[in-house]
Amino acid sequence: MNKIKHKINLANISRFRTIIQILSFILIMYGGYAAITISERIPTFACPYATGSAGTCYLIAMQHGLHITWADFASYRGFGFYTGLLIFLAWFIVFNKSWCGFVCPLGSIQDWITKLRKLLGIAFTKYDSKLFKKLRFIKFIVLGLLILIPLGMSNSLFGLPHFSHDLGAPFCQICPGRTVLPLFTGSTSELFIDFANNTTIFMSTLGIIIFVTFIIGSFFKKRFFCFFCPMSALQFLFSRIGLLRMTKVGSVCTKCGNCSRVCDIGIEQIAEDITSKFIVKDDCMMCFKCVEACPENDCLKVSFAGISILNSTDEGFFKRYSDSKTFKIDTDSKELIDQKKKND
Amino acid sequence: MYTKLKTVSIILLLFMSSCFCFAQENIWLSGDPPPQAKRVVRPSGMQHYMAFRNNRGQEKLILWPRNGDTPKGSSYIDSFNTEPEIFVVSPAGDLLEYNLSTSDKGFALTYAFDLEGYHNIYFLWKEVRDETLFVHVAKAERLNHKCQNGHRSISGKIKVKSFPEIVPFEIIRNRFKPTEDFHLILASGNVASFSALENNEAIEDVEFIFVTEKGWSKTVNANEKGIAEFQIPEDYFSKMKELNKDETYHFLLTAKYSNSTSGEYQGKAYSKISYVCTYAGDYEPSPSLYKSSFWPIIIILFSTLAIGSFIFYSRSKRRRFY
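Read top to bottom, the protein sequences are chains C and G.
With numbering that gives the first Met the number 0 applied, the first sequence has no gaps in its numbers, which climb one by one up to 343 at the end.
With numbering that gives the first Met the number 0 applied, the second sequence has no gaps in its numbers, which climb one by one up to 321 at the end.
Some hints here could point you the wrong way.
Across the chosen pairs, the derived CB separations fall in these ranges [unchecked claim]:
| no. | chain 1 | residue 1 | chain 2 | residue 2 | range |
| --- | --- | --- | --- | --- | --- |
| 1 | C | Y81 | G | N54 | 50 to 58 Å |
| 2 | G | F301 | C | F15 | 35 to 43 Å |
| 3 | C | L242 | G | L300 | 46 to 54 Å |
| 4 | C | L242 | G | L114 | 35 to 43 Å |
| 5 | G | I296 | C | F78 | 50 to 58 Å |
| 6 | C | L242 | G | V39 | 46 to 54 Å |
| 7 | C | L115 | G | L300 | 17 to 25 Å |
Cross-link-like lysine-lysine pairs, in silico, DSS-like; alpha carbons within 27 Å at most [claimed, not checked]:
| no. | chain 1 | residue 1 | chain 2 | residue 2 |
| --- | --- | --- | --- | --- |
| 8 | C | K132 | G | K255 |
| 9 | G | K255 | G | K271 |
| 10 | G | K271 | C | K125 |
| 11 | C | K114 | G | K125 |
| 12 | C | K129 | G | K316 |
Some chain G residues near chain C, calculated using beta-carbon distances under 10 Å [what the hints assert, rightly or not]:
| no. | residue |
| --- | --- |
| 13 | G149 |
| 14 | S152 |
| 15 | K255 |
| 16 | N258 |
| 17 | S302 |
Since the hints were derived computationally from the structure, they do not count as laboratory data.
From the three backbone atoms N, C-alpha and C, an ideal C-beta is built for every residue, glycine too.
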């Protein structure tokens with residue numbers, strides 16, 4: 000058992016993640032063609048607008064579920080919302096936020112765009128600390144709107160008139176998943192401007208602008224969209240009950256900053272925070288790159304239902320970063336570190 | 000002379016229509032409420048069916064029997080000359096309870112609309128006259144779907160279901176395979192395919208008459224596979240700013256067919272059966288009227304230019320900083 004654990008600690012987790020991402024992408028995007036249906040409330044992007052999708056993102060079900068009157072929350076229609084939430088949680092509890100790091104097709108697409116940028120030798124962009132702290136709240140605002148707008152379509156919120164039904168599932172209208180994912184099935188059907196009325200013109204135009212921002216943003220900033228993703232915000236609300244956990248032993252941490260440097264999102268707290276045990280932050284996508292890059296024994300740990308499955312080790316760190324090309328610290332990061340040193 | 004002739008012919012016509020009222024009645028089931036009912040019912044769900052809620056909060060769907068050959072010109076009736084047999088069949092194939100009565104909603108059929116999938120509603124009249132069995136069926140198909148209930152087993156739930164054991168002759172709308180799902184609403188420009196089933200067999204050469212709201216009509220005979228196709232027209236021309244993409248227009252489809260089957264019904268022998276089935280449906284403006292694939296290209300170009308310039312500017316600024 001210890002031997003297996005030792006091997007895992009030395010293993011190339013990023014390569015394993017890439018394989019899982021490719022398999023998940025194929026399953027989610029094309030599984031429907033093979034009559035595979037995973038679930039309609041999975042905690043990751045799986046767009047029903049893409050023909051052949053094997054599952055449906057929970058966000059669309061949630062928006063439809065909230066598009067009911069207050070009274071309906073106590074009826075069978077409300078029951079549909081509650082059962083939907085339970086199904087979402089059942090999926091989510093097992094894998095926690097690793098849905099984002101390992102399964103999400105939009106996340107995988109962003110990773111592939113990053114690979115393309117690296118191939119072209121173009122430097123990446125990183126938010127500075129101040130901007131990072133300001134921007135991280137956007138996803139919670141988006142989540143709030145995603146909940147309030149459907150509610151406001153069936154109810155009067157704060158004395159306001161009911162919102163237009165043309166808002167439909169409002170987040171889906173601007174979600175890059177709706178415009179990007181169907182492209183992988185050869186369909187451009189979601190790239191349109193709906194001139195039916197002012198609401199549809201606004202929402203469809205915003206959807207196209209977000210589509211462009213997603214493509215360009217992902218090219219220059221790793222996991223650009225994940226920073227604003229309401230699914231990530233929703234998952235974070237429940238991340239403490241997940242069976243898959245990532246913890247940190249602050250007393251072992253030397254604050255070398257490797258973990259923060261390899262983080263695609265650029266979470267600095269993971270390096271700075273030496274007091275919290277539970278280290279999964281709202282932007283974390285549980286890709287475990289930080290665990291791989293941590294040179295301190297047992298500083299970062301990944302466990303499932305209390306059973307340790309991956310620990311940071313100095314042996315693992317040196318093996319990964321000396322043996323394999325994949326794990327050499329990102330050249331872009333190197334540039335950034337050099338620049339920072341010069342600046343200091 | 001001319002006036003006298005006209006009067007005589009009108010009297011003759013009225014006399015004939017009263018004698019053959021059953022044969023000439025073209026009763027169909029409408030989802031469009033009469034003026035007095037518009038205050039108490041409202042469109043519900045993505046299909047915009049007229050519904051109301053009872054005291055327990057249960058949603059009930061309403062259909063109004065109407066008499067006439069065109070959706071707009073048909074009158075709402077408040078009773079039947081001959082009482083029909085009525086069947087409301089759930090998506091699971093069970094007969095549902097219904098209420099046919101006159102109330103503030105008019106003379107209407109109401110029933111609980113709970114299960115997901117297509118509900119089939121039939122009004123059936125049978126009568127033997129002049130050794131002919133006249134069978135008149137008024138049919139409606141109503142899809143119940145709420146996205147919050149999920150989208151599993153779509154093909155099973157939208158499958159065409161016919162019930163030869165209760166209705167010998169009926170019109171079915173053939174589904175758009177493989178693309179049709181719960182969200183299909185017929186639109187102008189769609190080619191809708193229909194068949195008429197006699198005891199569950201599609202029959203060829205049935206005469207189908209398709210009439211739109213404004214009276215445009217087309218007659219097509221079913222082909223050798225028993226299929227009749229109609230491209231739904233656009234017989235309304237609203238100004239762009241007045242266009243309502245959710246506006247529902249109605250069409251009425253009538254299928255007529257007779258054969259020389261002999262038999263006996265209620266002790267009366269017949270040597271011929273004459274079938275008439277009516278089927279009313281709805282359609283919306285074509286999405287091509289309001290959805291543009293050209294403008295996204297322009298927006299993509301401008302957004303790329305704007306975002307690209309912003310990134311270039313911010314990067315050049317950062318270089319100077321370092």
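Evaluated hints:
1. C:Y81 x G:N54: 50 to 58 Å: 24 Å, violated
2. G:F301 x C:F15: 35 to 43 Å: 41 Å, holds
3. C:L242 x G:L300: 46 to 54 Å: For L242 of chain C and L300 of chain G the Cβ distance comes to about 47 Å; the hint holds.
4. C:L242 x G:L114: 35 to 43 Å: Because 36 Å falls inside the window, the suggested range holds.
5. G:I296 x C:F78: 50 to 58 Å: 45 Å, violated
6. C:L242 x G:V39: 46 to 54 Å: 52 Å, holds
7. C:L115 x G:L300: 17 to 25 Å: 21 Å, holds
8. C:K132 x G:K255: The given pair, whose Cα atoms are some 72 Å apart, is violated under the 27 Å limit.
9. G:K255 x G:K271: Given that 27 Å is the threshold and the Cα spacing comes to 14 Å, the pair holds.
10. G:K271 x C:K125: 83 Å, violated
11. C:K114 x G:K125: Violated. K114 of chain C to K125 of chain G sits at ~72 Å, over the 27 Å cutoff.
12. C:K129 x G:K316: Given that 27 Å is the threshold and the Cα spacing comes to 17 Å, the pair holds.
13. G149: Status holds, d = 4 Å.
14. S152: This hint holds: S152 of chain G lies near chain C, its Cβ roughly 9 Å from the closest one there, short of 10 Å.
15. K255: Because about 38 Å separates K255 of chain G from the closest Cβ in chain C, which is outside the 10 Å limit, the hint is violated.
16. N258: 41 Å, violated
17. S302: Cβ of S302 of chain G sits 4 Å from chain C, so the hint holds.
Hint compliance for this structure: hints 1, 5, 8, 10, 11, 15 and 16 are not met, and every other hint is.
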